[in-house]
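Kindly produce the complete structure, drawing on both the sequences and the hints.
To convert a position in the sequence shown, counted from 1, into our numbering, add 705.
Please keep in mind that the hints were generated in silico from the structure rather than gathered at the bench.
Accuracy of the hints is not assured; some may be wrong.
What the hints assert, rightly or not - Calculated pairs, BS3-like style, for lysine-lysine (alpha carbon to alpha carbon, straight line, at most 30 Å): (1) Lys737 <-> Lys749; (2) Lys834 <-> Lys816; (3) Lys823 <-> Lys834; (4) Lys718 <-> Lys746; (5) Lys746 <-> Lys730; (6) Lys737 <-> Lys747; (7) Lys748 <-> Lys737; (8) Lys718 <-> Lys737; (9) Lys730 <-> Lys718.
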Amino acid sequence: MSNNYLSDEELLKLMAEVEDEGLVKAPDRIEKNVLREIHIKKKKVTDFRLYCMRVGLSVAAAIAILFVGPFNPLVQTEVPSREVVEQSRVVASKEEAMAERDIMTKEEAIKDKGALEKISDVQLLIENKIEEYLR
Numbered sequence: 706m707s708n709n710y711l712s713d714e715e716l717l718k719l720m721a722e723v724e725d726e727g728l729v730k731a732p733d734r735i736e737k738n739v740l741r742e743i744h745i746k747k748k749k750v751t752d753f754r755l756y757c758m759r760v761g762l763s764v765a766a767a768i769a770i771l772f773v774g775p776f777n778p779l780v781q782t783e784v785p786s787r788e789v790v791e792q793s794r795v796v797a798s799k800e801e802a803m804a805e806r807d808i809m810t811k812e813e814a815i816k817d818k819g820a821l822e823k824i825s826d827v828q829l830l831i832e833n834k835i836e837e838y839l840r
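Now the structure itself:
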């Protein structure tokens with residue numbers, strides 16, 4: 706049976722050599738880097754807690770406004786009755802509304818050269834779209 710383990714004497718010799726060599730020195734910047742990382746993590750935790758507190762206070766303020774608003778005499782407004790609204794509402798008849806609009810007759814539209822060009826442009830565009838779709 707072959708074993709790859711060190712014998713007791715070899716193990717003691719190895720331990721003595723390691724102890725005699727002394728400790729390995731860490732890089733010079735490691736302390737600064739570790740302290741900086743710790744500071745960054747603490748700052749992130751603090752920032753997150755402040756953010757949570759702000760959000761919580763905002764939610765609490767919004768809820769307070771929702772509940773206090775209706776009881777505030779400065780905010781309360783009187784809702785008018787249906788009769789008052791109907792009396793103050795002015796509704797124009799269809800004829801009055803149509804008279805206010807500037808509507809061209811069919812003949813005026815045909816005589817208007819710009820309108821004919823627009824119609825032909827739109828017709829050409831529609832035909833092109835149909836051809837593209839059918840391809």
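Checked hints:
no. : hint              : result
1   : Lys737 <-> Lys749 : holds (18 Å)
2   : Lys834 <-> Lys816 : holds (28 Å)
3   : Lys823 <-> Lys834 : holds (16 Å)
4   : Lys718 <-> Lys746 : violated (44 Å)
5   : Lys746 <-> Lys730 : holds (26 Å)
6   : Lys737 <-> Lys747 : holds (15 Å)
7   : Lys748 <-> Lys737 : holds (16 Å)
8   : Lys718 <-> Lys737 : violated (37 Å)
9   : Lys730 <-> Lys718 : holds (23 Å)
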